[in-house]
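Going down the list, the sequences are from chains V and C. Everything in the first sequence is counted per this note's numbering, starting at 1 for the first residue and increasing by one. Everything in the second sequence is counted per this note's numbering, starting at 333 for the first residue and increasing by one.
Keep in mind the hints are simulated off the structure, nothing from the lab. These numbers were taken from a predicted model, which means no experiment stands behind them. Treat the hints with care, since some could be wrong.
Which chain C residues face chain V? A few, computed with CB under 8 Å, are given here [said to hold, decoys possible]:
hint: 1; residue: Gly347
hint: 2; residue: Arg369
hint: 3; residue: Val390
hint: 4; residue: Gly449
hint: 5; residue: Leu579
With a cut-off of at most 30 Å between alpha-carbon atoms, the simulated DSS-like pairs for lysine-lysine come out as follows [claimed, not checked]:
hint: 6; chain 1: C; residue 1: Lys549; chain 2: C; residue 2: Lys356
hint: 7; chain 1: C; residue 1: Lys565; chain 2: V; residue 2: Lys128
hint: 8; chain 1: V; residue 1: Lys128; chain 2: C; residue 2: Lys334
hint: 9; chain 1: V; residue 1: Lys90; chain 2: V; residue 2: Lys299
hint: 10; chain 1: V; residue 1: Lys295; chain 2: V; residue 2: Lys90
hint: 11; chain 1: V; residue 1: Lys263; chain 2: C; residue 2: Lys565
hint: 12; chain 1: V; residue 1: Lys293; chain 2: V; residue 2: Lys90
hint: 13; chain 1: C; residue 1: Lys549; chain 2: V; residue 2: Lys263
hint: 14; chain 1: V; residue 1: Lys128; chain 2: C; residue 2: Lys482
All residues carry an ideal CB built from backbone N, CA and C; glycine is no exception.
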Amino acid sequence: MTDIVRSRPEFSSELEKEQRLTLIQREAAALVPSEARVAIASAERGYYELPLLKEPTWTWEIPVYLFIGGAAGTASVIAGIARLTGASPKLVRDARRICLTGAVLSPALLISDLGRPERFLAMLRVFKPQSPMSMGVWILMGFSAATSAANLGARLRARSVFPGLAAVLETVGDVTALVFGLPFASYTGVLIGATVIPVWNCNAALLPAHFLVSGLGASVGTLELAGNDAPALQWLGLGAAAVETAVGVAIEQETNPAEAPLKRGSSGWLIRLGGVLSGPIPLALRTASLFMKPKRAMKLRKYAAVSSVVGSAITRVAWIHAGHVSARESRP
Amino acid sequence: MKTSAFLTDSTLCIGCKACEVACKEWNDVPPDFTEWRGLSYDNTWALSARTWRHVMFVEGVPEIGKGGNDPATMAWGLLSDVCKHCEVAGCLEACPTGALVRTEFNSVYLQPDVCNGCGYCVVSCPFGVVAKDPVDGRAFKCTFCYDRQKADLMPACAKVCPTQSIQFGELEELRDRAQQRITELQDRGVSDASIYDPLDTSVAGTHAIFIVRGEQKAYNLPPNPEVPTTYLKSAWTSAAVAAGALLVGTMIAFLGAGGRKV
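The following block holds chain V by itself, in its conformation from the complex:
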């Protein structure tokens, strides 16, 4: 602070004082552009170039949760429809296991982010349709209960314990898990889309679909890596990769300044990395595998699977990171 306090000269007359003022005025005007320490406020810079908005406060658990939720939610759709259409029991079982993993890890991750278990319970006293966070908690609760029931039913049935009840539990669980799994895979896009963070809200209509498809790539990939080679998974994998490729192209063509964090800097490169791993790479590998002998084709499909799973995880991290950058760059 010492540089602000300056000794002032003595003046003999008013005129001298006035001249001194003119001198100061000139000196001050000259000072402005050259001396960077003088922060001059303007409409463009806002207040000291400080961000208008606050950065998201979520810890590392949240992008992981977004990834796991996407995979688990879409896996419930695969499990439900696979069972309905008489697909291989292993595929149904593996898909259900992805759901159960998601159902167990998701609340754990959220509690870890909040700090204490009872803080999670605070959300279970309110049902608020206009809050995606509140809706998400209820979707997660429904999903967890349903997929737990389906898994329990399947286990009991396999061991012939209460077979009748077990079958009901399994079927009701599968159907309910599918019903909750659909929004579970996509609501996270609504969650971050309906915020004040510019890069998120200008993609409010893209994010839910993007996250759902990204989740599909992850669940299909995980199922293939677990040794499932059903052609249906190949079709779903191709579809997901094609949509992700289109999303990547759409993002690259954005010109809105609010979208800048998606295209430059660390967040831009993360978005691109996630996009390439989720879109073009698995798309090319899967397309190539269509023209190959089964053994070699499966190998390529597994490479595509790894690419999609990693790409899906990176995509979530990238979007959260872009939100931080966007908040830091926010001006009024």
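On the provided structure of chain V, position chain C as indicated by the hints.
This is chain C only, laid out in the frame that chain V set:
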């Protein structure tokens, strides 16, 4: 319902920070980080979980007649910033625990004993007001001295303000008073003063209005604050369309290609 409001007049503010001190003392707000910003006496930079009133020192070019006659000191536009207590509040809509409520004074109150620190209000405030305390883990913001208002006392900041820069009262009355003040200032030749009251936006007006000189954006007052609930429709539509497509797509994949080994 009575709508309590603040009118914060930057043309009267002398930057004494009595409002900050009073707020901290009355509400037992713990200390915030302090670091000088620019050449000013601003040491907290912005509203935060531990700063519920924040005196801004908006630095302008030293201009004779407007202050800052010494090149080493700036022409400061001083303004005590505060939670805007929006008519349609993003934080309030977003809160999943019901910790944020609308009080009988039409203000937005955060109940600390209910807050779970999810941080969703933080990314739902178009003014960057609500913040999460990194130590405590919960979100905090201006309470509009809810406890004092219940006891018919004016908020601590308004009580201590020595220049009536912070005025407390009924919203419509303060809007009239702000208009009178602008006319008064114009009569005195101050032509660049304006009222910040974003009525025609999705927040539908704020219960803390401001009078500032020059660019409102220089005071980090956004011309078009948006309530994030405006994005809900397009986002949920996207979710529904995607869900439908996934359901149909999965059905086609399993029926068309089959779920068994090739």
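Hints, one by one, checked against the model:
no.: 1; hint: Gly347; verdict: 13 Å, violated
no.: 2; hint: Arg369; verdict: 5 Å, holds
no.: 3; hint: Val390; verdict: 4 Å, holds
no.: 4; hint: Gly449; verdict: 6 Å, holds
no.: 5; hint: Leu579; verdict: 6 Å, holds
no.: 6; hint: Lys549/C to Lys356/C; verdict: 27 Å, holds
no.: 7; hint: Lys565/C to Lys128/V; verdict: 15 Å, holds
no.: 8; hint: Lys128/V to Lys334/C; verdict: 26 Å, holds
no.: 9; hint: Lys90/V to Lys299/V; verdict: 19 Å, holds
no.: 10; hint: Lys295/V to Lys90/V; verdict: 19 Å, holds
no.: 11; hint: Lys263/V to Lys565/C; verdict: 26 Å, holds
no.: 12; hint: Lys293/V to Lys90/V; verdict: 23 Å, holds
no.: 13; hint: Lys549/C to Lys263/V; verdict: 26 Å, holds
no.: 14; hint: Lys128/V to Lys482/C; verdict: 27 Å, holds
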